[in-house]
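If you're matching them up, the sequences are chains A and B in order.
Throughout the first sequence, residue numbering follows this note's numbering, covering 31 to 254 in sequence.
Throughout the second sequence, residue numbering follows this note's numbering, covering 1208 to 1437 in sequence.
No lab work stands behind these hints: they were computed from the structure.
These numbers come from a predicted model, not from an experiment.
Mixed in with the good hints, there may be bad ones.
[Said to hold, decoys possible] Taking CB as the label site, the calculated pair distances span:
#, chain 1, residue 1, chain 2, residue 2, range
1, B, D1334, A, L112, 55 to 61 Å
2, A, E123, B, F1299, 23 to 29 Å
3, A, P77, B, Y1224, 38 to 44 Å
4, B, Y1353, A, I155, 43 to 49 Å
5, A, G85, B, K1432, 25 to 31 Å
6, A, I179, B, L1421, 34 to 40 Å
7, A, P184, B, I1396, 39 to 45 Å
8, A, R113, B, L1245, 51 to 57 Å
9, A, K250, B, L1245, 17 to 23 Å
10, B, I1396, A, L40, 32 to 38 Å
[Unchecked claim] BS3-like mimics (lysine-lysine), calculated; alpha carbons at most 30 Å apart, straight line:
#, chain 1, residue 1, chain 2, residue 2
11, B, K1424, A, K75
12, A, K249, B, K1354
13, A, K122, A, K172
14, B, K1342, B, K1354
15, A, K152, A, K75
16, A, K245, B, K1335
17, B, K1256, A, K249
Backbone N, C-alpha and C define an ideal beta-carbon position, used for all residues, glycine too.
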Amino acid sequence: MDFDLMITSLPKLLSAAVITLKLLSASLIIGLFIGFLFAVLRLNKNPFINKFAYGYSYLFRGTPLLVQIFIIYYGLGQIEWLRSTFLWVILKEPYWCAIIAFALNTGAYTSEILRSAFQTIKPGIIEAGKSLGISNKIILYKIQIPVAIRQSLPAYGNEIILMMKGTSLASTVTLMDITGVAKHIVSTTYKPLEVFLLAGGIYLFMTFIIHNLIKYLEKKYSFQ
Amino acid sequence: MDLLTFGKTGWGDELFYATLMTVAVAVTAMLIGFLFSLIFTPLKLSNNKFLNFIGNTYTTVIRGVPELLVIYLFFFGGSGAIMYVASIFGYFEYIEINAFITGSVAIGIISGAYSTEVFRGAIQSIDKGQFEAAKVLGVSKFVQFYKIILPQMLRLAIPNLSNVWQITLKDTSLISVTGLVEIMRQSYIAAGSTRDPLFFYCFAAVLYLMLTFLSMKLINRLEVKYSRGF
């Protein structure tokens, strides 16, 4: 074990962790919007809208994240007319391509989590609201949504951790996140064990923090 | 469609064999994962604090670190580690490990962490009375596990194992970074030589969708089989 190398690469890996966190937070925020939208579409009675939302979630949950990134980063650049639109400003940047892929991916999983949370709300809660004369709109905003959010916290916590691990794929499209920097250091020092273990330790620490944060939120918003 | 013809001009046969390779890696990794969960599930359920710690460390660390990093560690670190062990025994030649083996072992260790959690949950949710009844009837430990616990556990575990299988199948795409020619790597090669990445990566997505769809159908049958009588 080369401990000197570990000490000198720690600051490089930590500054790369900022990029990992940026990728993670941007894709989670966009993904939450997408997930919420598609969860509502899934619960729609219209079979066409319903099937469309199911198709989206099936497509993104049934294929590897790596394929999704490659289609967006390498594939979309091939379409001629796309290159002349303003979208090209975004799509030529690997950073934004990675965020789009991650957001679409986590959006699909989030929509499933939120949908099942909405479906498992006990009808008694809604009926109680109705019998108290509360309007449908307030029932949705003050009862259904808060209960659904509380219900989906544990599953969403897992999704955040899965997404954090997923951001390591950004290194395949030349981004210098933790994994990207680790690989770069290894390619110049030929000491894979030390560097990758250190990078793994940083990821593990982040998992630990997210895990405890979700646990704290679960406790804070428990029904007791 | 010319791009997908079989033979020298198209990429159809190459992609077909690549799909078989993906399935081979996924199945091998899943089996290696089962071996790992065979070791680590008893550790996680053990009353011994030290054994328990080992079991928990395995599942926590593997599930908390990106799959890609585990694969890099095995691919770049694996041959170095083996050469180090070999050097202790006086063997100093360069040893290269096969990409299929490194890949399957790396994915297998990841898959094992997930299936360990599934088996632990399934065993823990079997009614305590079942263990006690077996004890009262004087059933041996082996028969108790094989005839009483295992069938009930499988029924509870199969739906979650199907999730682990899906994760494992999708994780095999990461093996492409090691150069093993599975769906992702073959699409990368084809995309590079035809300059048509959009088509080939979309086709790769279709292949993965097909694999996940077919395996879901198969697993549903298993689920029906093991839920008889419930």
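So, going through the hints one by one against the coordinates:
1. Between D1334(B) and L112(A) the C-beta distance comes to about 59 Å, which sits within the given range of 55 to 61 Å.
2. Look at E123(A) against F1299(B): about 47 Å separates their beta carbons, and that is not inside 23 to 29 Å.
3. At roughly 40 Å, the beta carbons of P77(A) and Y1224(B) sit within the given window of 38 to 44 Å.
4. A hinted range of 43 to 49 Å holds for the C-beta pair Y1353(B) and I155(A), which are about 45 Å apart.
5. Checked against the hint of 25 to 31 Å, the pair G85(A) and K1432(B) passes, with Cβ atoms roughly 29 Å apart.
6. Restraint check, I179(A) to L1421(B): a C-beta distance of roughly 36 Å satisfies the suggested window 34 to 40 Å.
7. At roughly 42 Å, the beta-carbon separation of P184(A) and I1396(B) lies within the given 39 to 45 Å, and the hint holds.
8. Range check, R113(A) to L1245(B): Cβ separation about 53 Å, and the 51 to 57 Å hint holds.
9. Between K250(A) and L1245(B), the C-beta spacing of about 39 Å breaks the proposed range 17 to 23 Å.
10. About 37 Å separates the C-beta atoms of I1396(B) and L40(A), a value consistent with the hinted range of 32 to 38 Å.
11. In summary, the hint linking K1424(B) to K75(A) is supported, as the alpha carbons are separated by about 26 Å, within the 30 Å threshold.
12. Taken as a hint, the K249(A) and K1354(B) pair is broken in the structure, with Cα atoms around 40 Å apart against an allowance of 30 Å.
13. In summary, the hint linking K122(A) to K172(A) is not supported, as the alpha carbons are separated by about 42 Å, beyond the 30 Å threshold.
14. Only pairs whose Cα atoms come within 30 Å are accepted, and K1342(B) paired with K1354(B) is accepted, the gap being roughly 13 Å.
15. Restraint check: the Cα-Cα separation between K152(A) and K75(A) comes to about 19 Å, which is no more than 30 Å; the hinted pair holds.
16. For a cut-off of 30 Å, the pair hint linking K245(A) to K1335(B) stands: about 28 Å separates their Cα positions.
17. Between K1256(B) and K249(A) the CA atoms are separated by roughly 27 Å; this keeps the pair inside 30 Å, and the hint holds.
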